[in-house]
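A.B. asks: Sequence:
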Amino acid sequence: MIAHKDFKSNCKRIAKYIMKQSGNPQSEQFQDMICFGNVIVDVSANLIEDFNAVGKAKYVKEINKNLKGCSVKYSECGYPQRYIKFDIEFDDNDPETEDW
Numbered sequence: 496m497i498a499h500k501d502f503k504s505n506c507k508r509i510a511k512y513i514m515k516q517s518g519n520p521q522s523e524q525f526q527d528m529i530c531f532g533n534v535i536v537d538v539s540a541n542l543i544e545d546f547n548a549v550g551k552a553k554y555v556k557e558i559n560k561n562l563k564g565c566s567v568k569y570s571e572c573g574y575p576q577r578y579i580k581f582d583i584e585f586d587d588n589d590p591e592t593e594d595w
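Residue 496 is where the sequence shown starts when you use the numbering used here, and the numbers rise one by one after that.
Hints were generated in silico from the structure; no laboratory data involved.
Be careful, since some hints might not be right.
[As the list claims (entries may be wrong)] Simulated crosslink set (PhoX-like; lysine-lysine; CA at most 20 Å straight-line):
{"id": "1", "residue 1": "K500", "residue 2": "K511"}
{"id": "2", "residue 1": "K553", "residue 2": "K503"}
{"id": "3", "residue 1": "K511", "residue 2": "K568"}
[Unchecked claim] Label pairs and their computed distance ranges (CB to CB):
{"id": "4", "residue 1": "D587", "residue 2": "K500", "range": "16 to 24 Å"}
{"id": "5", "residue 1": "D586", "residue 2": "A552", "range": "14 to 22 Å"}
{"id": "6", "residue 1": "H499", "residue 2": "C530", "range": "15 to 23 Å"}
C-beta atoms are modelled at their ideal positions from N, C-alpha and C, and glycine is treated no differently.
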């Protein structure tokens, strides 16, 4: 779970989590990222409040600045479950899975 600190730190830590999950086929979310094109980040209630207060678009823009090889779009926010779900798109297409 990612706890709220400040805007820039939150974005960097969310991006780091996404990069870690997308780069490891053994990770808990790798399959969902590849097959369904989404990633769920567990966050604190305070981070969700900041996410909504600062603005989803501003958060997504800053998160994407910190990502390499992929980008995300906001999908949904869960409360009280405390998660943020993003649609993820990888920059380069794998010819093997392109038609999936």
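A.B. asks: The structure should be examined with respect to each hint, and the outcome stated for every one.
C.D. replies: Now the hints, each set against the structure:
Distance hint between K500 and K511 is fulfilled; the C-alpha atoms sit about 15 Å from each other, no more than 20 Å. Among the hinted pairs, K553 with K503 is consistent with the structure: their alpha-carbon atoms are about 11 Å apart, no more than 20 Å. The suggested pairing of K511 with K568 holds, with an alpha-carbon distance near 16 Å, which does not exceed 20 Å. Here the CB-CB span from D587 to K500 is close to 32 Å, at odds with the stated 16 to 24 Å.
Under the hint 14 to 22 Å, the C-beta atoms of D586 and A552, about 21 Å apart, fit the expected range. For the pair H499 and C530, the beta carbons lie near 30 Å from each other, so the given range of 15 to 23 Å is not met.
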